[in-house]
Amino acid sequence: EAGVAQSPRYKIIEKRQSVAFWCNPISGHATLYWYQQILGQGPKLLIQFQNNGVVDDSQLPKDRFSAERLKGVDSTLKIQPAKLEDSAVYLCASSWGDRGLEQYFGPGTRLTVT
Amino acid sequence: AQTVTQSQPEMSVQEAETVTLSCTYDTSESDYYLFWYKQPPSRQMILVIRQEAYKQQNATENRFSVNFQKAAKSFSLKISDSQLGDAAMYFCAYRRDDKIIFGKGTRLHILP
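Chains as they are written, first to last, in our numbering: chain A, 1 to 114; chain B, 1001 to 1112.
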């Protein structure tokens, strides 16, 4: 079974630039999550999709972050414009149902904003 | 609001020995799930073990077991016969309904 795929693995941008991350969940997983993991901290949930609908985006900085999940499969997370404090690892995870008893994580994208 | 606290930023253990990682959490709910995740340098988070709060029996997975003390809101992870491959960041996590909260993690070093 293929795991959660993410790209790119690394990205370096200057502040005020825009960036986009892509995630392909495990086939058949209805729920998809985006997390932000700042160095030295645990992952923080940014947004959760159930199929292509948003379940929770309460911690997503909506003035600069946006996410979509077209057709309930792949998802993209965008930051525009980026700030220095956005430097982090962005993790994508997926699970069978909305209770997410077991989430399967991708390898993450390490973003550095200079 | 729910919180998850891991009070040990780093720990070391000799290979083949046993180590226990601590986790406490705060919640007013009675039905929830607790998890331990492992994050090696490759960054891929891997589920180590899961505990349902309504189950009194402590979960075990091979060399990994938990000590779940619901009244004390404590959820520690014991790793027996530590191996070099166990070196990683370990995160404790709490989940109820749509909310999942991770602790700050404990970095575990395995000494050969």
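One thing to keep in mind: the hints can contain errors.
Here are the simulated DSSO-like cross-link-like pairs (lysine-lysine), alpha carbons at most 27 Å apart as the crow flies [said to hold, decoys possible]:
id, chain 1, residue 1, chain 2, residue 2
1, B, 1078, B, 1099
2, B, 1104, A, 71
3, B, 1099, A, 78
4, B, 1104, A, 62
Treat the hints as calculated values from the structure; they're not laboratory data.
Hints, verified against the model:
no.	hint	result
1	B:1078 with B:1099	holds (25 Å)
2	B:1104 with A:71	violated (34 Å)
3	B:1099 with A:78	holds (22 Å)
4	B:1104 with A:62	holds (24 Å)
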